[in-house]
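Number of protein chains: 2
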Amino acid sequence: MRLDEAEARARLAAHDHGVLCTVHPERGVDAVPVVFAIHPDGFVGVPVDLVKPKASLQLQRERNLAADPRATLLVDHWNRDDWSQLWWVRAKLEWCPDDPRRADELADLLVARYPQYADRPFANMLVMRIVGITAWSAR
Amino acid sequence: MRLDEAEARARLAAHDHGVLCTVHPERGVDAVPVVFAIHPDGFVGVPVDLVKPKASLQLQRERNLAADPRATLLVDHWNRDDWSQLWWVRAKLEWCPDDPRRADELADLLVARYPQYADRPFANMLVMRIVGITAWSAR
Numbered sequence: 191m192r193l194d195e196a197e198a199r200a201r202l203a204a205h206d207h208g209v210l211c212t213v214h215p216e217r218g219v220d221a222v223p224v225v226f227a228i229h230p231d232g233f234v235g236v237p238v239d240l241v242k243p244k245a246s247l248q249l250q251r252e253r254n255l256a257a258d259p260r261a262t263l264l265v266d267h268w269n270r271d272d273w274s275q276l277w278w279v280r281a282k283l284e285w286c287p288d289d290p291r292r293a294d295e296l297a298d299l300l301v302a303r304y305p306q307y308a309d310r311p312f313a314n315m316l317v318m319r320i321v322g323i324t325a326w327s328a329r
Numbered sequence: 191m192r193l194d195e196a197e198a199r200a201r202l203a204a205h206d207h208g209v210l211c212t213v214h215p216e217r218g219v220d221a222v223p224v225v226f227a228i229h230p231d232g233f234v235g236v237p238v239d240l241v242k243p244k245a246s247l248q249l250q251r252e253r254n255l256a257a258d259p260r261a262t263l264l265v266d267h268w269n270r271d272d273w274s275q276l277w278w279v280r281a282k283l284e285w286c287p288d289d290p291r292r293a294d295e296l297a298d299l300l301v302a303r304y305p306q307y308a309d310r311p312f313a314n315m316l317v318m319r320i321v322g323i324t325a326w327s328a329r
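Chains as they are written, first to last, in my numbering: chain P, 191 to 329; chain A, 191 to 329.
Incorrect hints may have been included.
Copies of the same chain are indistinguishable here, so a pair counts whether it falls within one copy or spans any two.
[What the hints assert, rightly or not] Derived pair list, reagent style SDA-like, types lysine to any residue, alpha-carbon separation capped at 20 Å:
id, residue 1, residue 2
1, Lys282, Arg319
2, Lys282, Arg270
3, Lys282, Arg251
4, Lys282, Asp206
5, Lys282, Ala200
In short, the hints are calculated from the structure, not lab data.
Put together the whole structure using the sequences plus the hints.
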């Protein structure tokens, strides 16, 4: 049921989208679907991009992280018919706002991963360090 | 980009799984994949079931809600290749711990929705009221 850390990290790195949760001072939790890349040093990059339309590029998730640097990234595998296939990985993250070198390396990884990012349409990059990981599998 | 509330509620009710986020006093956010049912009165039922294996039936999500009744349920539609298809709905929830009639009605809805629940294998039912809803679509 519990997956070990190496397996959890491998599944997280291979998954192509997840849910990023941050803490909002009044609302409690904000959660939003994201794409991401994992840096071999144990960092996660979540782009603020110009591909998916947004009302503003100064996103609430960044304001939340400035007030509270803790975040959670969850990836899960769903199968409506066969629940023995279910699994999920949850990474506890800490925002690292001043790491331009890693932000650039994570941008490269995102370009390699998603063809939509071929032209590097990044307005910003959230760099977060993995500080803990938990994973569950139905079998 | 923003979807109106009626459309948001329709998509939420039709989706078959989501991510439930609660506030942990020290860790910040806890997030876990869940199945759910929507009551016509605007309540969400998330079962604690005996189908998916668990280390304990006294789940952290319930302890979190007892300390802070705010929760968030996010459903999202992902398409790796065509990002014009993306959408998500986020419901802000408030835990209603003492509503056995609604818990029972939500159990019926879950049985109707998921064949895995035909034998009503519910150890508990989290009943939460929808207090706000936000939704986004790429087009």
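For each hint, the structure was consulted:
no. : hint            : result
1   : Lys282 - Arg319 : within (8 Å within a copy, 27 Å between copies)
2   : Lys282 - Arg270 : neither (27 Å within a copy, 24 Å between copies)
3   : Lys282 - Arg251 : both (15 Å within a copy, 16 Å between copies)
4   : Lys282 - Asp206 : within (18 Å within a copy, 26 Å between copies)
5   : Lys282 - Ala200 : within (15 Å within a copy, 32 Å between copies)
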